[in-house]
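A.B. asks: One-letter residues, chain by chain:
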Amino acid sequence: MSRLPDLERALFDAAARLDAVPASDPRPRHARRWRRRGVPLLAGLASLLIAGGAVAGVTGLLDNGDPVPSAPSEQSPVVPTTQRLVLASVRAADPDGGPPWGIGTYDATARGVITAGKESVTCVVVGRVQNGRLGVVGRDDVFDDDGRFHPLSPTAEGSGMCTGRAADGAFVAMSSGPPIPASGFTGAPGGAVGGCRERVNLDGPTVSPQTRRKLRHVPQCSRRGLRDVVAGFAGPLARTATLTAPGYRKSLELRSADNGAYLFVLRPTTGTRPRLDIIDRQGRTCRDVLRPMPDPGPCKLR
Amino acid sequence: MATPGKGDDASLLAGDAYSFAAFYRRHEDAVLGYFLRRTGSADLAVDLTAETFARALEGRHRFRAELGDPGAWLFGIAANLLATSSKRGRVDDSVRVRLGMQPLPLDDDALARINALGDEPASGALDELPDEQRAAVVGRVVDELTYAELAQRMRCSQSVVRQRVSRGLRTLRTLLEDQR
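Residue numbers (the numbering used here), protein chains in the order written: chain A, 1 to 302; chain B, 303 to 482.
Derived by calculation from the structure, the hints in this document are not laboratory data.
Mixed in with the good hints there might be a few duds.
Restraint-style ranges between C-beta atoms, simulated for each label pair [said to hold, decoys possible]:
(1) B:ARG457 with A:THR109: 30 to 40 Å
(2) B:ASP395 with A:ASP66: 23 to 33 Å
(3) A:LYS250 with B:GLU430: 49 to 59 Å
(4) B:ASP395 with A:PRO67: 47 to 57 Å
(5) B:SER388 with A:ARG213: 12 to 22 Å
(6) B:ASP410 with A:THR269: 12 to 22 Å
(7) B:SER388 with A:THR272: 33 to 43 Å
(8) A:THR285 with B:SER388: 43 to 53 Å
(9) B:ASP318 with A:THR269: 23 to 33 Å
Derived lysine to any residue pairs resembling SDA-like cross-links, with alpha carbons at most 25 Å apart [claimed, not checked]:
(10) A:LYS214 with B:ARG475
(11) A:LYS300 with A:ARG213
(12) A:LYS214 with B:GLU330
(13) A:LYS214 with B:SER461
(14) A:LYS214 with B:SER388
(15) A:LYS214 with B:ARG366
(16) A:LYS250 with A:ARG224
(17) A:LYS214 with B:SER313
(18) A:LYS300 with A:THR270
(19) B:LYS389 with A:ALA167
(20) B:LYS389 with B:SER461
(21) A:LYS214 with B:ALA316
(22) B:LYS389 with B:LEU406
(23) A:LYS250 with A:PRO219
(24) A:LYS214 with B:SER396
(25) A:LYS214 with B:ASP395
(26) A:LYS214 with B:SER468
Not close to chain A: a few residues of chain B, all C-beta gaps over 12 Å, as computed [said to hold, decoys possible]:
(27) GLN404
(28) SER461
(29) VAL462
Here a beta-carbon is modelled for each residue, glycine too, at the ideal position from N, C-alpha and C.
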């Protein structure tokens, strides 16, 4: 047991991603989870009010608002090569209602440093879905609580995970992260979009003076306004995904055409990390694939 | 798959993700303690340690055993990072971003575990080293001298210095692990 198991896990995950493809293989070597932001904190929510709730109540749809603005390109380790987000078919309801959650991808070029030159990657984005588009909801300090639906684009400010595709187009991207705001906005709080900061004590010993100054005016996220969003692509060889958490258990049948996209949305769990099991098309189970050092076992997803 | 905790450092660096995790566990205390003593801040020590190991991970295939001990190589990364971070007034996270590593959540328990790494155990372990090894480790890790400078100071060849640093770090690690 190390003193910092989270760091050990993060290093293990990064090493596993680097090792996922043999050096002689022309496919991209590394996956990245990233966030376009200046400070390592969540963007998100501070209250549960949805200003546009009345609109949704009548039409079932939110009014459309401005798109989520693009992030400064220098903040991103990838450069999108398309303007289009491709949505997978899987959806998950939000515990508070409103537009369901979805997961999409876009193609990009990574600013490769580990390997020489540029490389092609596919990046994963989650958010709320309306009229077949991925976006964020203006609530809880995002877009001044305007209650509108704000579409996302590949260049929009936010977080994501990028990795390479196999030669046959198969795509596997599984990772876990901290809870995200129910608005779906995962960019930096306190900027043009607004948002709230993680529930940390700004006067605590783990916060640098620089971060303290930057976030002093940003409201703190409400715990009820955060979501554990467990989402990714288990690949075309995956058949079923099952998420287990305290008081929660749900299984999804996965589609090969969607590269085994899975998506679960729940209120943040306390103390216990959600567990994700994947069953492949041969009926073999990949157990607890999000744990710090998963045992690959007999199952085959790549 | 490598078995965590087995194998020498160079083998661990050349191995898979499990091997690198074992390499991390093996050197975690030493690196955290180094930064804790230099900065006096547990959260800064964690930030610096995370970036140091991320750089080690990214550059592990560039490590050459003939150029020195993996522990000394790691401390070279740590010292460089500390120097550039002090100069810029912030801890660089560029490699962590490239590797897709998330910021670490730190709670009171983690901070307590790090603060427990205060000076005393490392200093005590350092005192237990043979004189020549202690001088070599202090010169390389604490005073941040190059091998050439150390060789001049200790009046011996660079290869002898490298050997003393390597043996000293290995002994230190064993002593610190025994104290945990």
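A.B. asks: Against this structure, judge whether each hint is valid.
C.D. replies: Here is what the structure says about each hint:
no., hint, in the structure
1, B:ARG457 with A:THR109: 30 to 40 Å, "54 Å, violated"
2, B:ASP395 with A:ASP66: 23 to 33 Å, "30 Å, holds"
3, A:LYS250 with B:GLU430: 49 to 59 Å, "55 Å, holds"
4, B:ASP395 with A:PRO67: 47 to 57 Å, "28 Å, violated"
5, B:SER388 with A:ARG213: 12 to 22 Å, "20 Å, holds"
6, B:ASP410 with A:THR269: 12 to 22 Å, "20 Å, holds"
7, B:SER388 with A:THR272: 33 to 43 Å, "40 Å, holds"
8, A:THR285 with B:SER388: 43 to 53 Å, "49 Å, holds"
9, B:ASP318 with A:THR269: 23 to 33 Å, "30 Å, holds"
10, A:LYS214 with B:ARG475, "39 Å, violated"
11, A:LYS300 with A:ARG213, "48 Å, violated"
12, A:LYS214 with B:GLU330, "31 Å, violated"
13, A:LYS214 with B:SER461, "49 Å, violated"
14, A:LYS214 with B:SER388, "20 Å, holds"
15, A:LYS214 with B:ARG366, "42 Å, violated"
16, A:LYS250 with A:ARG224, "21 Å, holds"
17, A:LYS214 with B:SER313, "43 Å, violated"
18, A:LYS300 with A:THR270, "31 Å, violated"
19, B:LYS389 with A:ALA167, "44 Å, violated"
20, B:LYS389 with B:SER461, "32 Å, violated"
21, A:LYS214 with B:ALA316, "41 Å, violated"
22, B:LYS389 with B:LEU406, "23 Å, holds"
23, A:LYS250 with A:PRO219, "33 Å, violated"
24, A:LYS214 with B:SER396, "20 Å, holds"
25, A:LYS214 with B:ASP395, "18 Å, holds"
26, A:LYS214 with B:SER468, "43 Å, violated"
27, GLN404, "6 Å, violated"
28, SER461, "31 Å, holds"
29, VAL462, "33 Å, holds"
Hint compliance for this structure: hints 1, 4, 10, 11, 12, 13, 15, 17, 18, 19, 20, 21, 23, 26 and 27 are not met, and every other hint is.
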